[in-house]
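Asks: Listed here are the chains, written in short residue letters.
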Amino acid sequence: MAAHLKKRVYEEFTKVVQQQHEDLSTKKLRLTKPSKSAALHVDLCKATSPADALQYLLQFARKPVEVESVEGVVRILLEHYYKENDASVRLKIASLLGLLSKTAGFSPDCIMDDAINTLQNEKSHQVLAQLLDTLLVIGTKLPENPSVRMRLVEVACKHLTDSSHGVRNKCLQLIGCLGPVEKGVAKEAESQAAKDVQKIIGDHFNDQDPRVRTAAIKAMLQLHERGLKLQQAIYNQACKLLADDYEQVRSAAVQLIWVLSQLYPESIVPIPSSNEEIRLVDDAFGKICHMVSDGSWVVRVQAAKLLGSMQQVSSHFLEQTLDKKLMSDLRRKRTAHERAKELYSSGEFSSGRKWGDDAPKEEIDTGAVNLIESGACGAFVHGLEDEMYEVRIAAVEALCMLAQSSPSFAEKCLDFLVDMFNDEIEEVRLQSIHTMRKISNNITLREDQLDTVLAVLEDSSRDIREALHELLCCTNVSTKEGIHLALVELLKNLTKYPTDRESIWKCLKFLGSRHPTLVLPLVPELLSTHPFFDTPEPDMDDPAYIAVLVLIFNAAKSCPTMPALFSDHTFRHYAYLRDSLSHLVPPLRLPGRKLVSSAVSPSITPHEDPSQQFLHQSLERVYNFQHLDPQGIQELLEFTIRDLQRLGELQSELAGMADFTATYLQCQLLLIKALQEKLWNVAAPLYLKQNALASAAAKQILEETYKMEFMYSGVESRQVVIIHHMRLQAKALQLIVTARTTRGVEPLFGMCEKFLQEVDSFQRCFISELPHMQGSFVDKLLDLMPRLVTSKPSEVVKILQTTLRQSTFLHLPLPEQLHRATANIIEPTGESDNPLRFTSGLVVALDVDATLEHVQDPQGTVKVQVLYPDGQAQLIHPKPADFRNPGPGRHRLITQVYLSHTAWTEPCQIEVRLLLAYSSNRSKASTRSPKSTWSESLEGLPPSENGIEGTIPFSKPVKVYIMPKPARR
Amino acid sequence: MPEIKVTPLGAGQDVGRSCILVSIAGKNVMLDCGMHMGYNDDRRFPDFSYITQNGRLTDFLDCVIISHFHLDHCGALPYFSEMVGYDGPIYMTHPTKAICPILLEDYRKITVDKKGETNFFTSQMIKDCMKKVVAVHLHQTVQVDEELEIKAYYAGHVLGAAMFQIKVGCESVVYTGDYNMTPDRHLGAAWIDKCRPDLLISESTYATTIRDSKRCRERDFLKKVHETVERGGKVLIPVFALGRAQELCILLETFWERMNLKAPIYFSTGLTEKANHYYKLFITWTNQKIRKTFVQRNMFEFKHIKAFDRAFADNPGPMVVFATPGMLHAGQSLQIFRKWAGNEKNMVIMPGYCVQGTVGHKILSGQRKLEMEGRQILEVKMQVEYMSFSAHADAKGIMQLIRQAEPRSVLLVHGEAKKMEFLKQKIEQEF
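Line order of the protein sequences matches chains D and H. So in the numbering used here the end of the first sequence lands on 969, straight run, no missing numbers. So in the numbering used here the end of the second sequence lands on 1431, straight run, no missing numbers.
Don't read these hints as lab results, they were simulated from the structure. Just so you know, these numbers come straight off a predicted model, no measurement behind them. Incorrect hints may appear among the rest.
[Said to hold, decoys possible] Partial list, derived from the structure: chain H residues whose beta carbon lies under 10 Å from chain D: (1) 1079; (2) 1083; (3) 1139; (4) 1182; (5) 1192.
[Stated by the list, open to error] Residues of chain H placed beyond 12 Å of chain D at every Cβ, according to the derived structure: (6) 1013; (7) 1112; (8) 1227; (9) 1293.
[As the list claims (entries may be wrong)] Each pair of labels, with its calculated beta carbon distance range: (10) H:1257 with D:831: 40 to 46 Å; (11) D:278 with H:1214: 28 to 34 Å; (12) D:208 with H:1041: 38 to 44 Å.
Yeah, the Cβ is synthetic: ideal placement off N, Cα and C, and Gly gets one too.
Sequences and hints are given; from them, build the entire structure.
Replies: Dropping the structure here:
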């Protein structure tokens, strides 16, 4: 029977839908309105049982309803609502009402009265709750109508006495979301009930149901978020809720207390059971600290997080959070931290070898020991030792935030942070290292602390080591022994993990430049120089020696007396390193040596910079000599391109700019060459060669334009126009070449059509830029557009040919900043002669480690390509998690590439390189400046799936020697 | 007014042979049934005649609850059930049920086979006794009869340690057993909900101590081991087979993993292998880190820790060896100690307390020349370190548990009277 019924339902429904479709196709939306609501009406009338009706409603809910028909549908639903006896159907109708009132463009005030009326007679608690939810939706849709809101709040207040927790919950939610925030409105309210929302909500803090208590606190928080100033009076109530039995209540209460402490930090509250008074923020801080040892870890996480944002708390309280009085058999004991400090200050450095080292000292007065303090005692000590790593992380974060605002606290929490470096979970270790880096300006590491920090350098996790290097970059070390220790440990790290080379050098660079005076006394020892004897010259390629030199040279920069200690070979090595590792070795003023160039003296501002000037001058030269004979232009272009490329090599900060322009000029040069008159007038037999040349040029120009558009960061829409224009020219060239080689008109039609479409879209996209493009190819083309559309392909080609040749060459305006995306594969190094052997048919994992610079959205664009000797190429998409972001504009790709192949007889090299994938839909111009016309025109287009249109290789290929062996039988 | 009567048969104001009798609303429950390490006569077991003078044990007791597998909490069980005679249910958690018989058997072997005592329980008795055991899960409410129900909570301390709530009608008692409020490398912290019992019976071993952060100790320990190994020295860590040994193993294993160290770590075989097996099985009873990572790798399947063979002690190069027993008074640990003591590059780390008279105690108190049997003089050149790894709640922990459970009254057991006095004052003052 049921199946039969169901079938009937479907039949009815399909019929209706079909009708709709007919309507849609002919007369569009208007006619669907009656049909939709009418259909529902018919369905509901037909429904014989509540289950049936529920089915219909469910079906109905799946389809969206147009704005115009919402009201009709609502009327019908209400009508049925009154008639309906079954609570579940009424519930569904109520929820549908809420859903419908959310429809954009529909104003729900017309149905509000009805909804309120239904509330009066409703008996079912569930339906009541649902109706209140609907009212909440209606209320939030009408933000500018205070009287409506007032009425809704009154209704909600009436139902607060309901016996069901669900109804009370919803009422409180409604009051929280809609209750009056401004004082003025509240006074106008007729009913007494709605006047003091805070009081009403506050009364429910003691509700018997924990869910209602939670809802009450949440409603209070909601009011606060909407801008109502909460009264201080509720603070005491909130404090009581902290001891609630249910974690959700406690969690919400912690939040409420925090909000109040931010609102009234300076008011004074009494301490119960004594006559003293303290600031509210201190009291709240103590209470939240208390919650760090709560039974529920959710509350603990919340409490620990909130502690971080309570910066107004007085330092006396703050420091107590790190305090935990130790005792053993009632005698005071010093913490390991204190012992370490004492040992350090007393000059001894061996840690206690004796059993009695931590023997308890003085007797403690039993009365003075507070085991569970009302204050903030030891909150962080507990938080950092918590069982759940979520709590530990939250505590570390909070420590970080508090330490940033209080240097004295930073000093104190150092020991604890250092301890966290040995946490069992890597995430926590990493977090604490990062935290330490953030507060490192406020602190100086003691030697024993440094020792512990440096011990972590042996960690096998690369992330940890690199984070630690970053930390060492900005730490303050107090003694020369500390520097020596750090250097020794870093060198140990270098021998154990040679891949950390770059990171360690960078770390030593900063270490040196921050502590020149501490490095000075170490120099003779580090360079192993001897006052009388010449020592052997160290190996220049030894990474450890380079590391030492980096430290010394950077220290020497601000310590003019240091070079006197250098031996001869040190100066030679300096010159070599200054050239080869110029980013690590600073320019030094060395006595009696002209070797050191004062390359960029600081007095020159960027605009006066000679290289900048040179760039602009050469560009101007190119643009000015437009009227030179073709041969002259070509030569000029060639020279300029050469100059620019050299400039890019010399001046790293101008490299992006110079390369960019050189590429553009290269395109222009290619175009000019391809269009040379004499080539086009040759006899038929020579067509072939000339065509090949022209089509190759066109292809190269296309490639170069993609590079220009997608490989540089900082390209503005002004440049994008020029690039697209160049691409258009290349396409025109392609069309011409094809026209000359293919026989028959058929294929040409399609091509012409496509080209004209592209011109059209170019015009649409860059309409605002067109005035700047006088005399250009596209400008002329657009003039001729009406003619082109009507003429035959052969004519089109002819027109194109002449326009292309006559059009002038556009100036490329340069943006402020331009950086070329670069990638450098650090690993594999490509130096290994030992082939990577694996069984054919199985996979071998190759570790790839690369640094990326100035790549935007590397997760989406950077791919790894593997080229096998048989020409087979594989494109590998690294996981988003493989990219790390160590600094602005820099990315690091650490991933594994899986290789596999059939068996080879001999080992052979494969090539690994990085590619930058692009697609014109994801054009940079559209993402960068959403207001430009270019992007507006794109908005109409459907969002393309993340398709890759092409790829640009942007790293040097690295060769890897592999050898797939045949499988042994 | 509910009347709850508590009679400690052992471990009222001292440590050892924990055994507490609770009468609650007409029900009699025995909590723990331990032995005392210090005695070799009748005093080693609780005095059950207190009950038997009025009739049989089974008639009097409704159930017996064992909190964890340490012998001072379960050592008298076979004697109690098989020799004195008890046929009622015995409740314990699954890991306790698994490990308890191993320890009992070991205890029996030492007493009967080595010391040659006669009037002692047999292997068969242990087996028969274990048949009477009903295993319970955490937070599982077990209905002992119509009125009496018990429920276990996690207690930290050792694998499978539990606190028990005993409830009859509206009256309830919570017995903590031994517990630990700070998590360590392999176990989590004790936890209880706000059950508001009428009485909380809490251990108070460290009633007057507030401990330093565990991290410092761990770091010191690791640093010492690491330095010695780097120097090429050998490290000896005498341990008891269960509990701390596993914690230290995990600590060293993860450290070796993190630091990419290659020196071998050995564990003397025997009892431990069996116990390690159970640690692998009862992953749900361990801490967050082990629970979360066991899908990739069970932390107790040690990569770096291998079984020890007598011959390895003479191998050249650095190594770390865990050997039993923990006080260096006999057995393998003492043998290895004698071999290595002469080299100043080596190190011995004592992770726990040593009883007076043992070699462990002597070297800890600074003695450098030891007289061994046969008038030999052993000169100790190796470094001697002391590290305390203990898994009892300290004073703050006890207070924290009291705050969590919110009992109407508290009873302190398993500690020294003087220390309890102090804690009593504190509890009265704070609550």
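Asks: Hint by hint, say whether it matches the structure.
Replies: For each hint, the structure was consulted:
no. : hint                          : result
1   : 1079                          : violated, 34 Å
2   : 1083                          : violated, 38 Å
3   : 1139                          : violated, 14 Å
4   : 1182                          : holds, 6 Å
5   : 1192                          : holds, 8 Å
6   : 1013                          : holds, 16 Å
7   : 1112                          : holds, 36 Å
8   : 1227                          : violated, 10 Å
9   : 1293                          : violated, 9 Å
10  : H:1257 with D:831: 40 to 46 Å : violated, 30 Å
11  : D:278 with H:1214: 28 to 34 Å : holds, 32 Å
12  : D:208 with H:1041: 38 to 44 Å : violated, 59 Å
Violation of the numbered hints given earlier is confined to hints 1, 2, 3, 8, 9, 10, 12; the remaining hints are satisfied by the structure.
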